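Chemist: With chain A fixed as given, assemble chain B onto it according to the hints.
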Amino acid sequence: MTALLEVRDFSVAFGASQPVKGVSFTANPGEMLAIVGESGSGKSLTALGLIGLLPRHAKTGGEIRFEGRNLLAQSERDWRRIRGRDIGMIFQEPMTSLNPVLTVGEQIIEVLRIHERLDRKQARQRAVDLLELVNIPEARKRVDDYPHQLSGGMRQRVMIAIGVACNPKLLIADEATTALDVTIQAQILQLLDNLRRDLNMAVILITHDLGIVAQWADRVMVMYAGRKVEEGLPEPVFTDPYHPYTRGLLGASPRAESGHHYRDGPLIEIPGSIVSATGEKGCAFRPRCPSAQASCGFAVPALRQIAEDRLAACPFTPTRFVSQIHDASLRS
Amino acid sequence: MIVSRRLFQRLRRTAIQAVPTVVGIVILNFFLLQFAPGDAADVMAAEAGSATVETMADLRSRFGLDLPVIHQLLNYLSNLAHFSLGYSPRYGMPVAELIGQRLPGTLILMGAALLFALTIGVILGSLMAQFSGRLPDRVLSVGSLLFYSVPGFWIGLMLILLFSVKLGWLPSGGDSTIGSSLTGFAALADRARYIVLPALSLSLYYLAIYARLTRAAMLEVKSQDYVRTARAKGVSPLRLVLRHILRNALIPITTLAGMHIGGMLGGAVVVETVFSWPGLGRLAFEAVMARDFSVLLGILLLSSFVVIIVNATVDLLQAWLDPRIGESR
Chain A
1 MTALLEVRDF SVAFGASQPV KGVSFTANPG EMLAIVGESG SGKSLTALGL IGLLPRHAKT
61 GGEIRFEGRN LLAQSERDWR RIRGRDIGMI FQEPMTSLNP VLTVGEQIIE VLRIHERLDR
121 KQARQRAVDL LELVNIPEAR KRVDDYPHQL SGGMRQRVMI AIGVACNPKL LIADEATTAL
181 DVTIQAQILQ LLDNLRRDLN MAVILITHDL GIVAQWADRV MVMYAGRKVE EGLPEPVFTD
241 PYHPYTRGLL GASPRAESGH HYRDGPLIEI PGSIVSATGE KGCAFRPRCP SAQASCGFAV
301 PALRQIAEDR LAACPFTPTR FVSQIHDASL RS
Chain B
1001 MIVSRRLFQR LRRTAIQAVP TVVGIVILNF FLLQFAPGDA ADVMAAEAGS ATVETMADLR
1061 SRFGLDLPVI HQLLNYLSNL AHFSLGYSPR YGMPVAELIG QRLPGTLILM GAALLFALTI
1121 GVILGSLMAQ FSGRLPDRVL SVGSLLFYSV PGFWIGLMLI LLFSVKLGWL PSGGDSTIGS
1181 SLTGFAALAD RARYIVLPAL SLSLYYLAIY ARLTRAAMLE VKSQDYVRTA RAKGVSPLRL
1241 VLRHILRNAL IPITTLAGMH IGGMLGGAVV VETVFSWPGL GRLAFEAVMA RDFSVLLGIL
1301 LLSSFVVIIV NATVDLLQAW LDPRIGESR
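Sequence lines, in order, name chains A and B. With this note's numbering as the guide, the letters of the first sequence map in order to residues 1 to 332. With this note's numbering as the guide, the letters of the second sequence map in order to residues 1001 to 1329.
Chain A on its own, in the form it takes in the complex (with noise of 0.2 Å):
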């Protein structure tokens, strides 16, 4: 299969800081990818280079392949046409993404209008009926509705409405569940699963929420101060993390299968924060990692392919890992 999106050691850099530095990945037709890392791993600006809406300083580099062409060598006007049709996407606060002054059906009307040639009439049909898509009851009446007067889950499902407005191929949502309450989270993710399935999209889902990502993604991939340390299928990258920041960030969620909960006792947390990695030479992970070597300083370690569909930067093999091996060595 012909990935759809072929992200290739993507970088973004203000003056002399790199907060993304050098990212490749893929995404398919139809696949839910999703991207985690803690705030300031560079999650969030890869997201708005892919749909090239970084401030206009951000100096990037690499190459972001869509369908077969290069995004970051096109002009404004042809991101412009990219933008909306191709690529949507949803961002972190549904409260303030909305335009007060304009009702809703305006917004999904813009967007519609611009890329596809339709009257008002049928621009206005097709706003109620993706209203209905993402599940809004009353779609004809609400479509006249401010935002003010809808909830934040429905004004998410209004910014889906938007996102998916023109079938895009590709749908990036940027911690779009992250402002709601569980249960409306669990709705919209539903939503999102369904639409990427019947509009055959593929979803880049970012978050740091690691319940979300096992449950809903097809795949996922691990950042740490703007690299990427880890990617695989999300059942063996959970159970099995093999990069010390993955295990990591799974000992510091709160999981109900592992019988770990923050009643029994304080999370694990990593020490330290992810500021240290500036101007750290080898491995951006170091200053926090429990299994750190002097070797570790030397270099940045590579990514390497660690079983089939998986990837990590870590030299070291953790040793559930190396048994596991063991394991399997002995029994073949």
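It should be emphasised that the hints constitute simulated quantities derived from the structure, not laboratory data. For clarity, every value in this text was computed on a predicted model and none was experimentally measured. Any given hint could turn out to be false.
Here are the simulated BS3-like pairs of lysine-lysine, each with C-alpha atoms no more than 30 Å apart in a straight line [as the list claims (entries may be wrong)]:
{"hint": "1", "chain 1": "A", "residue 1": "169", "chain 2": "A", "residue 2": "121"}
{"hint": "2", "chain 1": "A", "residue 1": "281", "chain 2": "A", "residue 2": "59"}
{"hint": "3", "chain 1": "B", "residue 1": "1222", "chain 2": "A", "residue 2": "21"}
{"hint": "4", "chain 1": "A", "residue 1": "21", "chain 2": "A", "residue 2": "169"}
{"hint": "5", "chain 1": "A", "residue 1": "59", "chain 2": "B", "residue 2": "1222"}
{"hint": "6", "chain 1": "A", "residue 1": "59", "chain 2": "A", "residue 2": "21"}
{"hint": "7", "chain 1": "A", "residue 1": "21", "chain 2": "A", "residue 2": "281"}
{"hint": "8", "chain 1": "B", "residue 1": "1166", "chain 2": "A", "residue 2": "169"}
From the structure, some residues in chain A lie toward chain B, with a derived Cβ separation under 7 Å [stated by the list, open to error]:
{"hint": "9", "residue": "53"}
{"hint": "10", "residue": "54"}
{"hint": "11", "residue": "80"}
{"hint": "12", "residue": "89"}
{"hint": "13", "residue": "93"}
{"hint": "14", "residue": "99"}
{"hint": "15", "residue": "111"}
{"hint": "16", "residue": "114"}
{"hint": "17", "residue": "118"}
Just so it is clear, CB atoms sit at the ideal spot from N, CA and C, and this is done for glycine as well.
Modeler: Just chain B now, kept in the frame of chain A:
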């Protein structure tokens, strides 16, 4: 239809609230004016050069100035209740007629000045926001700061010097060519030539304020999440500015512009004097000097009406601009 009912209810509420406000303003103004030393009879006597005690007593009793203050106030209020603004002893005509002659001039001057200040101010402010931090923004910022800090009468005098005296392009005072028998469009064009300089000098201060406010408001709106959403939809830059940024930035500007209309009348006093523009501001000034309190009270009453009406209009405008305002609480 729901919108129009909402607006109607707002208007009715405003009208009901306006009545006690206006009565309060009248009573307060009446007492404030009583504090001023001297009365119309003193001024008239002084202008006549000599007056006996008897003539002054006669004048006072003719205008009702010899009555106790409370009595005078009740007289005035009862006049008002009969929709009469009283009689001006100095001009020898009813106050309503006097104000009626001068009101259009001031309204036209203020309207022109405000329209000019708003249009050009918003355009310049948008440009400044668009080029923020770069050369056009700096140049316009310095310019607006200059006009913000220079008093209107000085600008007026300089405009007269430049455009009337040196260049001879525009007339230096009055509101139309005296003795001309122009009609129709020619008369209108003639009047337009006369209004340019006074309107300009009245508006430059406000223009500077609106330009700076528009700049600030647009920069603020620009960083809002919904602007990013609009960009992610593929909206063109012009449409982004007009539909998404400016529309939201206009809300604070309308508030301020509404508040300025009351203040503009004060500025009009000076500008009307500089350009000998026959308006209400100059009439108010003359009324103060002549202690012609019934005229002054009439003008103050009228300006309070203007402020109330303008406030109501601004409220409606804002409810239209921002659907969140005026929602039922």
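Chemist: Take the hints in turn and mark each one as holding or not.
Modeler: To see whether the hints hold, each was checked on the structure:
no.	hint	result
1	169/A to 121/A	holds, 26 Å
2	281/A to 59/A	holds, 21 Å
3	1222/B to 21/A	holds, 28 Å
4	21/A to 169/A	holds, 26 Å
5	59/A to 1222/B	holds, 21 Å
6	59/A to 21/A	holds, 12 Å
7	21/A to 281/A	holds, 13 Å
8	1166/B to 169/A	violated, 67 Å
9	53	holds, 6 Å
10	54	violated, 11 Å
11	80	holds, 5 Å
12	89	holds, 4 Å
13	93	holds, 5 Å
14	99	holds, 4 Å
15	111	holds, 4 Å
16	114	holds, 5 Å
17	118	violated, 15 Å
The structure fails to meet hints 8, 10, 17 from the earlier list, while all remaining hints are met.
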